[in-house]
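Using our numbering, you'd call the opening residue of the sequence shown number 1 and step up by one each time.
For the record, the hints were derived by calculation from the structure and aren't laboratory data. In this text, all values refer to a predicted model and were calculated from it rather than measured experimentally. Some hints here could point you the wrong way.
Unchecked claim - Cβ pair distances, simulated, as ranges:
no., residue 1, residue 2, range
1, Ala141, Asp119, 29 to 35 Å
2, Ala35, Pro117, 29 to 35 Å
3, Asp36, Gly102, 31 to 37 Å
4, Pro58, Val99, 31 to 37 Å
5, Val67, Ala35, 19 to 25 Å
6, Thr100, Thr57, 34 to 40 Å
7, Arg116, Arg63, 18 to 24 Å
8, Met1, Val48, 20 to 26 Å
9, Asp41, Glu125, 29 to 35 Å
10, Ala35, Thr122, 19 to 25 Å
11, Gly144, Asp119, 33 to 39 Å
12, Glu101, Gly60, 39 to 45 Å
13, Gly15, Asp89, 29 to 35 Å
To be verified - Restricting the straight-line Cα-Cα distance to at most 25 Å, the calculated cross-link-like pairs of lysine to any residue (SDA-like) are:
no., residue 1, residue 2
14, Lys20, Arg61
15, Lys20, Glu101
16, Lys20, Leu142
17, Lys20, Ile39
18, Lys20, His38
19, Lys20, Ala134
20, Lys20, Thr79
21, Lys20, Glu108
22, Lys20, Trp30
23, Lys20, Thr148
24, Lys20, Asp71
25, Lys20, Ser75
26, Lys20, Thr77
27, Lys20, Arg95
28, Lys20, Arg72
29, Lys20, Arg44
30, Lys20, Phe106
31, Lys20, Pro32
32, Lys20, Thr97
33, Lys20, Pro58
34, Lys20, Asp36
35, Lys20, Ala141
36, Lys20, Ser45
37, Lys20, Gly55
38, Lys20, Thr93
39, Lys20, Ala35
All residues carry an ideal CB built from backbone N, CA and C; glycine is no exception.
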Amino acid sequence: MARVYVSAVIDAPVGQVWDKARDFNGHHTWHPIIADSHIEDGLRSDTVGCVRNFGLTPGGRLREQLVSFSDRERSYTYTILESPLPLTDYVATFRLTEVTEGNRTFGEWWADFECRPEDLPTLREQVGRNTFAAGFRALAALCGAGVTAPAPAPAPP
Numbered sequence: 001m002a003r004v005y006v007s008a009v010i011d012a013p014v015g016q017v018w019d020k021a022r023d024f025n026g027h028h029t030w031h032p033i034i035a036d037s038h039i040e041d042g043l044r045s046d047t048v049g050c051v052r053n054f055g056l057t058p059g060g061r062l063r064e065q066l067v068s069f070s071d072r073e074r075s076y077t078y079t080i081l082e083s084p085l086p087l088t089d090y091v092a093t094f095r096l097t098e099v100t101e102g103n104r105t106f107g108e109w110w111a112d113f114e115c116r117p118e119d120l121p122t123l124r125e126q127v128g129r130n131t132f133a134a135g136f137r138a139l140a141a142l143c144g145a146g147v148t149a150p151a152p153a154p155a156p157p
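Please build the complete structure, drawing on both the sequences and the hints.
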């Protein structure tokens, strides 16, 4: 099993960042690689079990299902149902935590998945840098804030 983990500190209050990120179907409004998105079957985007169907700006479509959602913990977990990427058993978690010093936000985004060993370097780049790290930068920009994002690490602390 492979793991990609990215963390970042966003120079904005956690409530402001969560307000932008909590909509499971809202990523097309802030993430640079998401072209369009909709929730299937008319469900709300915070309904556990809902499926988002979205297109990528470079091309391709994905379907992801919301597995867990918590406003209290400011987190959600989802799994990929269909993807053009050469991976399986993909489960990712997005979580925000308040940094009391400076009224900032600590963000974590990680995924576990199976893939062929030869695909792992490319998938680490696509998932870690082009999806997770780029997403944190985009959320920070949307909040009018800066971001400190360490390089992707193999596993959460």
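A quick look at each hint next to the structure:
1. Roughly 30 Å separates the CB atoms of Ala141 and Asp119, a value that falls within the hinted 29 to 35 Å.
2. The hint said 29 to 35 Å for the Cβ distance between Ala35 and Pro117, and at roughly 30 Å that hint holds.
3. In this structure, Asp36 and Gly102 meet the distance hint of 31 to 37 Å, their C-beta atoms being roughly 36 Å apart.
4. Distance hint check: the CB atoms of Pro58 and Val99 are about 33 Å apart, consistent with the given range 31 to 37 Å.
5. In this structure the hint that Val67 and Ala35 lie 19 to 25 Å apart at CB holds, the actual value being about 24 Å.
6. For Thr100 paired with Thr57, a C-beta distance near 36 Å keeps the hint of 34 to 40 Å intact.
7. Take Arg116 and Arg63: their Cβ atoms lie about 22 Å apart, and the range 18 to 24 Å holds.
8. In this structure the supplied range 20 to 26 Å holds for Met1 paired with Val48, their Cβ-Cβ distance being about 23 Å.
9. A hinted range of 29 to 35 Å for the beta carbons of Asp41 and Glu125 is consistent with their spacing of about 33 Å.
10. Separation of Ala35 from Thr122 is about 21 Å and conforms to the stated range, judged on CB atoms against 19 to 25 Å.
11. A beta carbon spacing of about 37 Å between Gly144 and Asp119 agrees with the range 33 to 39 Å that was offered as a hint.
12. The supplied range of 39 to 45 Å is met by Glu101 and Gly60, whose beta-carbon atoms lie about 41 Å from each other.
13. At about 33 Å, the beta-carbon gap between Gly15 and Asp89 stays in the expected band of 29 to 35 Å.
14. This hinted pair checks out: Lys20 and Arg61 have alpha carbons roughly 23 Å apart, not beyond 25 Å.
15. As the CA atoms of Lys20 and Glu101 are separated by approximately 21 Å, the hinted pair is consistent with the 25 Å bound.
16. Only pairs whose Cα atoms come within 25 Å are accepted, and Lys20 paired with Leu142 is accepted, the gap being roughly 8 Å.
17. The suggested pairing of Lys20 with Ile39 holds, with an alpha-carbon distance near 17 Å, which does not exceed 25 Å.
18. Distance check on the hinted pair: Lys20 and His38 sit about 16 Å apart at the alpha-carbon level, within 25 Å; holds.
19. Only pairs whose Cα atoms come within 25 Å are accepted, and Lys20 paired with Ala134 is accepted, the gap being roughly 15 Å.
20. With a C-alpha separation of about 21 Å, the suggested pairing of Lys20 with Thr79 holds against the 25 Å cut-off.
21. Restraint check for Lys20 and Glu108: satisfied, since their Cα atoms lie roughly 15 Å apart, inside the 25 Å limit.
22. For the proposed pair Lys20 and Trp30, the alpha carbon gap of about 8 Å is at most 25 Å, so the pair holds.
23. Between Lys20 and Thr148, the direct Cα distance comes to roughly 18 Å. Compliance with the 25 Å bound is thereby established for this hinted pair.
24. Only pairs whose Cα atoms come within 25 Å are accepted, and Lys20 paired with Asp71 is accepted, the gap being roughly 12 Å.
25. For the hint pairing Lys20 with Ser75, the CA-to-CA distance comes to about 12 Å; that is within 25 Å, so the pair holds.
26. Our distance criterion of 25 Å between C-alpha atoms is met by Lys20 and Thr77, whose separation comes to about 16 Å.
27. A C-alpha spacing of about 13 Å is found between Lys20 and Arg95, which places the hinted pair at or below 25 Å, so the restraint holds.
28. Note on Lys20 and Arg72: the hinted pairing holds, with a Cα-Cα distance of about 15 Å set against a maximum of 25 Å.
29. At roughly 16 Å between alpha-carbon atoms, Lys20 and Arg44 fall within 25 Å of each other, so this suggested pair holds.
30. With a C-alpha separation of about 15 Å, the suggested pair Lys20 and Phe106 falls inside the 25 Å cut-off, and the hint holds.
31. At most 25 Å may separate the alpha-carbon atoms for a hinted pair to count; Lys20 and Pro32 meet this at roughly 14 Å.
32. With a C-alpha separation of about 14 Å, the suggested pairing of Lys20 with Thr97 holds against the 25 Å cut-off.
33. Simply put, Lys20 and Pro58 have alpha-carbon atoms about 23 Å apart, close enough for the 25 Å limit, and the pair holds.
34. Of the pairs offered as hints, the one joining Lys20 and Asp36 holds, with about 16 Å between alpha carbons and a cut-off of 25 Å not exceeded.
35. Distance check on the hinted pair: Lys20 and Ala141 sit about 11 Å apart at the alpha-carbon level, within 25 Å; holds.
36. For the proposed pair Lys20 and Ser45, the alpha carbon gap of about 13 Å is at most 25 Å, so the pair holds.
37. Proposed proximity of Lys20 and Gly55 is supported: the alpha carbons are some 20 Å apart, at most 25 Å.
38. For the hint linking Lys20 to Thr93, the alpha-carbon distance of about 16 Å falls within 25 Å, and the restraint holds.
39. Among the hinted pairs, Lys20 with Ala35 is consistent with the structure: their alpha-carbon atoms are about 17 Å apart, no more than 25 Å.
The structure shown violates none of the earlier numbered hints.
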